[in-house]
Each structure stands twice: as structure tokens, then as C-alpha cells.
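Chemist: Sequence:
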Amino acid sequence: MEGEHRDIRCMVRKLSDNNWEIPKGHIPNMRVPGRLFVSESLLDGIEPGTIDQIANVATLPGIQKYSMAMPDAHLGYGFAIGGVAAFDTEEGIISPGGVGFDINCGVRLIRTNLRKEDVVPEIKRLTDELFTNVPAGVGSKSRFRASDQELDGAFLEGAKWAVDAGYGVEADVEHCEGNGYLEGADTAHVSTKARKRGKPQLGTLGSGNHFLEVQYVDEIYDREVASAFGLEEGQVTVMIHCGSRGAGHQICTDHLKELSQAVKKYGIEIPDKQLACAPAQSREAQNYFKAMLCAANYAWANRQMITHWTRESFEKVFGRDVDDMGMSLLYDVAHNVAKLEDHNIEGRKKEVYVHRKGATRAFPAGHPEVPAAYRDVGQPVLIPGSMGTPSFILCGAKDSMDVSFGSACHGAGRVMSRAHAKKEFHGQSVKENLEAHGITVRATHPSVIAEEAPGVYKSSSEVVNVVHELGIARKVARVIPLGVAKG
DNA sequence: ATGTCC
Numbered sequence: 001m002e003g004e005h006r007d008i009r010c011m012v013r014k015l016s017d018n019n020w021e022i023p024k025g026h027i028p029n030m031r032v033p034g035r036l037f038v039s040e041s042l043l044d045g046i047e048p049g050t051i052d053q054i055a056n057v058a059t060l061p062g063i064q065k066y067s068m069a070m071p072d073a074h075l076g077y078g079f080a081i082g083g084v085a086a087f088d089t090e091e092g093i094i095s096p097g098g099v100g101f102d103i104n105c106g107v108r109l110i111r112t113n114l115r116k117e118d119v120v121p122e123i124k125r126l127t128d129e130l131f132t133n134v135p136a137g138v139g140s141k142s143r144f145r146a147s148d149q150e151l152d153g154a155f156l157e158g159a160k161w162a163v164d165a166g167y168g169v170e171a172d173v174e175h176c177e178g179n180g181y182l183e184g185a186d187t188a189h190v191s192t193k194a195r196k197r198g199k200p201q202l203g204t205l206g207s208g209n210h211f212l213e214v215q216y217v218d219e220i221y222d223r224e225v226a227s228a229f230g231l232e233e234g235q236v237t238v239m240i241h242c243g244s245r246g247a248g249h250q251i252c253t254d255h256l257k258e259l260s261q262a263v264k265k266y267g268i269e270i271p272d273k274q275l276a277c278a279p280a281q282s283r284e285a286q287n288y289f290k291a292m293l294c295a296a297n298y299a300w301a302n303r304q305m306i307t308h309w310t311r312e313s314f315e316k317v318f319g320r321d322v323d324d325m326g327m328s329l330l331y332d333v334a335h336n337v338a339k340l341e342d343h344n345i346e347g348r349k350k351e352v353y354v355h356r357k358g359a360t361r362a363f364p365a366g367h368p369e370v371p372a373a374y375r376d377v378g379q380p381v382l383i384p385g386s387m388g389t390p391s392f393i394l395c396g397a398k399d400s401m402d403v404s405f406g407s408a409c410h411g412a413g414r415v416m417s418r419a420h421a422k423k424e425f426h427g428q429s430v431k432e433n434l435e436a437h438g439i440t441v442r443a444t445h446p447s448v449i450a451e452e453a454p455g456v457y458k459s460s461s462e463v464v465n466v467v468h469e470l471g472i473a474r475k476v477a478r479v480i481p482l483g484v485a486k487g
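Numbering follows this note's numbering, in which position 133 of the first sequence is assigned residue number 133; successive positions increment by one, without gaps.
The set of hints was computed from the structure by calculation and includes no laboratory data.
Treat the hints with care, since some could be wrong.
As the list claims (entries may be wrong) - Within a straight-line C-alpha distance of at most 20 Å, the following computed SDA-like cross-link-like pairs (lysine to any residue) qualify:
| id | residue 1 | residue 2 |
| --- | --- | --- |
| 1 | K290 | H249 |
| 2 | K124 | K316 |
| 3 | K273 | G49 |
| 4 | K423 | P454 |
| 5 | K316 | N133 |
Using the sequences plus the hints, can you model the full thing?
Modeler: In C-alpha cells form, the structure reads like this:
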């Protein structure tokens, strides 16, 4: 492909460390410049097509300040994964490409008061128990048989519905971004097909890079914030990384069709068909938005149900009560979602549609949407590693509002296709290698392990260092996997 | 990511 011969260094202009501009002349009709937040070394790994995607988004109507991408940026559908863009609520647009297919893919972290040495001797049994209790894999079905009414509950009330249904406690909801649900969801815009796919999957992990992982804290970078987050060295934590399954995928697919028509109807010029969108206040855009919120809420309900089964699994293995094991929710973040938020733009506060696609909200200390428990330090920002690699806990930092619409990165980007990974690695040997490093893995098939081998992802530590140095999120702690369940 | 192509 011709793109591979283009020099990335000729496409960007360095503004300061970790901060690069994609000038308005990169492609015709850019309304604002692009911004790419990467280190010198990460820059060389960015595909030219990713730069083009950041520039393409800059041509969309009503875009504010600049079209940006986080240090884990890579090619996505229309918008780059790692992309953040905010649009005016009147002059701007809403685009499914700016959210992605896995609506509200996200991460939550459960604390325990168990120590690494308490868990290591039981890790195989615990990982087996988690793998048994939380269905994983493509097309996997839930242990929970949702009725239509219960599905509506998940679509409209997210984690709150799940807690009311007996999956968790009230405090869980308070420790989710947006209290585990977004207002304005309307199931009238969710197709029968999306319901049909979503109904049996409510309470499933999914596949790909999604996982359920038992970890321990091995390093604290910021004692004060770690203390506010209830984290200390040697402590065991559980991380859940999953999304809205077939429901979100179908909702995205359905509305992409409608919005492709809307592009013509409203005469919007887009440089890439994958940037299908409609004017923010149009019927088409609002219908997508209301359906997207249903999928976002479904994902929060999904992670909440998985949390409940995680707690039950620990109870069974350790023979202790969840409260006794201190299994409270630290936080739950969305990294694929569009939201109405207030931001300061050119010196005045205004409401915008912020699209985060493979980017985590990272609101700083003092922001009213940060839960009271963390208000003095900033919201927890959870950055999952890939299978067998460290994950990071950060907190939203003071410059995020000015620099990145209150956003940070979301994880390690893939550097090798699934097909390539399956040729390069063998599941069984990857598994043996991980077990030699003290990491137990349970997956539906060895090919899943090959596709997700540690070597197919960029290092998340390099990505995390960029957002830390930029002052948009600060490093708090690092966690190391002990046991992983995957689909 | 995804009933990994209706």
C-alpha cells in the first residue's frame, strides 16, 4: 500500500514534548488542526492512516478546538481508536464511528483486602471458578435468562438496574462513571434484532481483548492518591474489561445504515464513508444517541452482573463473606462512548457532544462528576494491559480539561493482526510461558491465547507515561496479573 | 469488538 511509504515525521509538527500538531493543510477542508499525544518513540509506530483519520475527523461540522488522539492511537472504523472529538450541540454532528462498535466497552476494578500470598496458592482454583461462573467467548450465553422487562431495565438504568435486581450493592453504583447509567436512553430506537442478540448475553464477558483478571498491586507511584483509592502494595484486585456484546454491535450497525443515508439527506461532506453522521439535533442523530445510551447502560449492567459472580467465586474459593474480604468497587470507566458534557472553550463554558473512542474520561480533582470519595484527588482512570501484562491505575489530573476534553488513553494498542498472531504464536506455548511467570490463564480455546499473546500489543507502560507527563492523568499504581479468564 | 460474511 502506498500509505506505508509516507514518512510520519513529515505529517506532524512538534509543539512540545508528547504533543504534535497535524496542520490544517494535511487534507482539504479541515476546520481545526489535529493533535496527537505521543512520545518520540511511539510516534514512529503510528500508521500514516491513523494521522489521516485524525485529520478526517477535523473536517466534520462543528468540531471544537482540535481533533485529537491519545498515545495508544491506531486505525479504527472512521475515527481512530484513541480518538477524542467534541462537537457543538447546534452546529455539530454525532457519529457512531466516534464511539465504535463495542459501545461502552470499559473497565472496572474491584478491591479486596486479600494479600498476594493469600491468593497465589488458590489461583488455579479461583481462575477455574471465575471461568466457570462468568460465561466467555464469541456468542456465549448468560446464566441469567433476561425477560423483555429485565432487558429494558438494563438498557434504561444500567448498573442501577442490576443492583436493584440483586447483583451488587448500592455503593457499586456510586463508584461507576455517571453512577453506572446515562440518562436519555430510549429503547424505541433499539431494533428487535439488537434485543434478540442482547437478551441472552446480558452477563457475559465476550471475547477478543476482554478479560476477567485477578491481580496484585506491585508498585505505588502516588501514596496519597493510592490511599484515597484504598490501594496498597501486595493487595489483590480484580479487573473486569468488557462491553455491550452483540447488543451494542447491532445498535451501531443499525444506526450506521440510517446515518449513511442522513449524510446525503443533510448534504454533509465527509472524506470517508465510515464517518457517517448527522447534525446533532436531527432526528437521525438523536435516535442513534438514544440507542447508543441503551447500549452504554447495558454494558454497565453487564459489568455489574459479572462483578456479582466474581464475588460469589471468591466466596466459594476462600469460604469467606464478600464484606469480610473487602470486595468493594474502586471504579468503573467507559472508554467507548459519546456524552453531553460541559467544557471551557475559548474562555466560555459550553455543552458539547464529546466522542471518546478508545479513550477514558479523566476528570480532575474538584470536578462535580467525580464521586465524593475521590473528589479531592481526581477520578480513577483504569488502563488495562493486554493478557499477562501489567495494568495501570491513574487519576484524572488538572490539565485534562484544557488539553484533552477531560480524557486520557485507554490501554495498549494492537501491533499485529489476529491472523498474524495465530501464525506467530501457539496458544499452548504462550500459556505455558505465562504460567512459568506465575500467571494462570483459562480460555475457551488455545487460539484465543495466541491472538492475545503479550507480544501482539504495544506496551501500556509507555502509553501511560505519555498521559502522566502531559499532566492529563497521573500514575497511581501498577497491578500485575495472577489469573486471567478469557473468551 | 462482533452469531469473526445475510
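Chemist: Determine for every hint whether it applies to the structure shown.
Modeler: Status of each hint after checking the structure:
Distance check on the hinted pair: K290 and H249 sit about 15 Å apart at the alpha-carbon level, within 20 Å; holds. This hinted pair checks out: K124 and K316 have alpha carbons roughly 13 Å apart, not beyond 20 Å. Pair hint K273 plus G49 holds up; C-alpha atoms about 15 Å apart against a cutoff of 20 Å. Distance check on the hinted pair: K423 and P454 sit about 15 Å apart at the alpha-carbon level, within 20 Å; holds.
Taking the CA atoms of K316 and N133, the gap is about 11 Å. The hint holds against a cut of 20 Å.
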